[in-house]
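A.B. asks: Chain residues, written in single-letter form:
Number of protein chains: 2
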Amino acid sequence: MLKRSKIPKPTVKRLAVYFRCITKLSNDGIEKTSSKEIAERLSIKASQVRKDLSYFGEFGKRGVGYDIEKLSFKLREILGLEKLWNVAIVGSGNLGFAIANYSGLEANGFKVVSAFDIDEKKIGNVILPGVTIKRFSEFSKEIKEKDIEIAILTVPANVAQDVADKVIDNGIKGILNFCPVPLSAPENVSIEDVDFVISLKALTFEITSREQEKKEQEKRNNA
Amino acid sequence: MLKRSKIPKPTVKRLAVYFRCITKLSNDGIEKTSSKEIAERLSIKASQVRKDLSYFGEFGKRGVGYDIEKLSFKLREILGLEKLWNVAIVGSGNLGFAIANYSGLEANGFKVVSAFDIDEKKIGNVILPGVTIKRFSEFSKEIKEKDIEIAILTVPANVAQDVADKVIDNGIKGILNFCPVPLSAPENVSIEDVDFVISLKALTFEITSREQEKKEQEKRNNA
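These protein sequence lines are chains Z and U, in that order. Residues in the first sequence are numbered consecutively from 1, following the working numbering. Residues in the second sequence are numbered consecutively from 1, following the working numbering.
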């Protein structure tokens, strides 16, 4: 079997999507599924589903498909979701507030236990029930007391690397980075970028491409 | 040259990242750059930068590098960013509010001109200066009047496909989907998913992998 750290990132993300898909099937009372069914629900190829799962050994039987309970158990283990992860919001502005209050977090095993800012006007405000915004200078103490492993970074871009350096120095293991800048981090810290402006530009690329090709087609038709 | 619609999605996203990188260089008064410099700033390989750019012909001269102004002009054209794009927020909850007020949008050519909800308590509230939240039933009228091409979807997951169908029926060209469900859309509508829970699970996969491999290493060392 391939070393876990060698599994391609797109495969890992798809595994998380498969996990969500079969969790839904399971909630609907369904007990068996197939790569074909998962693929259809996600508008991808069944061969892709089989290839992604094959990195982790044999799950299903040819022609019989997957037992949902077993596959769910295995995916939960692979993704590290057998435990609840304590998360800190670093930067308690509009975006930090929205993420802290996003119901999908706790439902998926992520618990926002702390929130930080440097704006004195925000310190002490409740960001979500049970969590008040603390001074960023208290991060070091909080991360130990509350066993925080992941930081969600929603600070202004110009301070992102500085803040990232500080949370890393304090032992954070992973950063979900909402700042539109690439962060450097040592090898033993994971970074995931969520950059929705880049996604918007992928949209405008596609829309523009479609319109250009349509125009070219019309030109050819009129020629 | 490859048809634009055949360019791989990861390449398109990297082009948007290169554009941001050289915009920064340009703002710093720098006039020339190289694939090596761009790659170093983004922690990727220079060969990747060259390959991605090569889809669109020759930009630089071997050994001389890229003229930033020319490359910037070309990337802006490729990504469809020569114009301002009008955007609607569909679902004006916490996340919709945070995105509407995200300063990076207008700075990158995206203008939030409308916002919608179905919650009567929200209708008429100001989501950002100059934009009040309207009833979703007015979407059809607004999209024409305000020339909206892109919708940012921040509605609850259970209504996401229904709402997507409605904005598509009204002629939207692209959807930035923040809902944690895969959306189906006809071929002439682009969808980009922003799913930060999936990104969190990619983080927990990596953290767990690292910890497992460390434990295995320690076991081997003690054996």
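Hints may be right or wrong, so weigh each one.
Because identical chains cannot be distinguished in the list, a pair is counted as satisfied if it fits within a single copy or across any two copies.
The calculated SDA-like cross-link candidates involving lysine to any residue, where the alpha carbons are at most 25 Å apart (straight line), are [claimed, not checked]: (1) K141 <-> G109; (2) K32 <-> P182; (3) K6 <-> A39; (4) K9 <-> G63; (5) K24 <-> F73; (6) K70 <-> E120; (7) K146 <-> E58.
Hints were generated in silico from the structure; no laboratory data involved.
A.B. asks: Now tell me, hint by hint, if it's right for this structure.
C.D. replies: For each hint, the structure was consulted:
1. K141 <-> G109: within (23 Å within a copy, 41 Å between copies)
2. K32 <-> P182: between (42 Å within a copy, 21 Å between copies)
3. K6 <-> A39: both (24 Å within a copy, 22 Å between copies)
4. K9 <-> G63: Answer is neither: 29 Å inside a copy and 33 Å across each miss the 25 Å cutoff.
5. K24 <-> F73: For K24 and F73, only the intra-copy Cα distance (14 Å) is at most 25 Å; the inter-copy one is 46 Å.
6. K70 <-> E120: This pair counts as neither: shortest intra-copy Cα distance 49 Å, inter-copy 44 Å.
7. K146 <-> E58: Cα proximity of K146 and E58: none, with 38 Å in one copy and 53 Å across.
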